[in-house]
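**Student:** The lines below spell out each chain.
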Amino acid sequence: ETGVTQTPRHLVMGMTNKKSLKCEQHLGHNAMYWYKQSAKKPLELMFVYSLEERVENNSVPSRFSPECPNSSHLFLHLHTLQPEDSALYLCASSQATGYGYTFGSGTRLTVV
Amino acid sequence: ELKVEQNPLFLSMQEGKNYTIYCNYSTTSDRLYWYRQDPGKSLESLFVLLSNGAVKQEGRLMASLDTKARLSTLHITAAVHDLSATYFCAPATSGTYKYIFGTGTRLKVLA
Numbered sequence: 001e002t003g004v005t006q007t008p009r010h011l012v013m014g015m016t017n018k019k020s021l022k023c024e025q026h027l028g029h030n031a032m033y034w035y036k037q038s039a040k041k042p043l044e045l046m047f048v049y050s051l052e053e054r055v056e057n058n059s060v061p062s063r064f065s066p067e068c069p070n071s072s073h074l075f076l077h078l079h080t081l082q083p084e085d086s087a088l089y090l091c092a093s094s095q096a097t098g099y100g101y102t103f104g105s106g107t108r109l110t111v112v
Numbered sequence: 001e002l003k004v005e006q007n008p009l010f011l012s013m014q015e016g017k018n019y020t021i022y023c024n025y026s027t028t029s030d031r032l033y034w035y036r037q038d039p040g041k042s043l044e045s046l047f048v049l050l051s052n053g054a055v056k057q058e059g060r061l062m063a064s065l066d067t068k069a070r071l072s073t074l075h076i077t078a079a080v081h082d083l084s085a086t087y088f089c090a091p092a093t094s095g096t097y098k099y100i101f102g103t104g105t106r107l108k109v110l111a
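Chain order of the listed sequences is G and D.
1 is the number of the first residue of the first sequence in our numbering; add one for each residue after it.
1 is the number of the first residue of the second sequence in our numbering; add one for each residue after it.
Label-pair restraints from in silico Cβ distances: (1) G/E67 - D/E44: 18 to 28 Å; (2) G/P83 - D/G40: 18 to 28 Å; (3) D/T93 - G/K40: 24 to 34 Å; (4) D/T20 - G/T80: 37 to 47 Å; (5) G/L27 - D/N18: 31 to 41 Å; (6) D/E15 - G/N58: 32 to 42 Å; (7) D/Q14 - G/K40: 24 to 34 Å; (8) G/G28 - D/L2: 21 to 31 Å; (9) G/P83 - D/G59: 34 to 44 Å; (10) G/L51 - D/V80: 38 to 48 Å; (11) D/K17 - G/P8: 37 to 47 Å; (12) G/H26 - D/Q14: 34 to 44 Å; (13) D/S45 - G/S65: 24 to 34 Å.
These aren't lab readings, by the way, just hints derived from the structure by calculation.
Because the structure is a prediction, the values reported are computed rather than measured.
Even for Gly, the Cβ is constructed at its ideal location relative to N, Cα and C.
Sequences and hints are given; from them, build the entire structure.
**Tutor:** This is the structure in structure tokens:
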């Protein structure tokens with residue numbers, strides 16, 4: 001399988017739940033990213049991993065916790081989220097930081 | 001801080017017409033990307049522009065870059081309904097994570 005795969009595609013969770021989003025890339029890319037896309041807001045960069053090391057954390061609340069166990073996999077662990085965290089969460093990868101992205105299909109998250 | 005502005009934010013146009021989307025950014029970058037997003041879908045890469053004066057064309061879309069003016073344009077020629085989508089520009093600098101997406105331009109082509 002090629003490209004960037006995100007699971008699940010849709011997720012509904014309560015504010016007290018703990019869930020994880022998964023992203024997998026088979027492109028041999030060295031950088032992976034999490035973005036948040038909300039209605040009426042620009043794409044917001046959340047986390048950047050380069051060669052499995054986190055290199056950027058854009059002041060994201062601690063209820064979002066990323067994990068990059070290897071260069072092909074990226075997780076976003078979620079706990080005690082708020083309704084305003086409902087959004088489309090996009091994973092992307094690139095050959096290196098600053099290069100063109102390949103995006104996954106996204107996870108549509110709804111916090112109830 | 002890198003800021004990216006696109007205009008217009010919304011564009012409704014008739015099939016067969018031409019129009020241009022503008023992307024202005026605030027700091028120097030050595031490349032610029034254009035992406036397309038269909039409703040409910042993810043982003044798809046369209047173009048990468050790597051130098052001042054670069055021009056890329058794909059079908060009815062043509063993108064150009066003026067690094068001195070910090071301006072990129074996406075020109076639509078003889079629009080068709082299939083071009084309806086949101087278009088994002090993203091200036092970037094290789095080797096860094098200074099990669100900011102513009103606000104997006106939502107294009108609707110009317111039959």
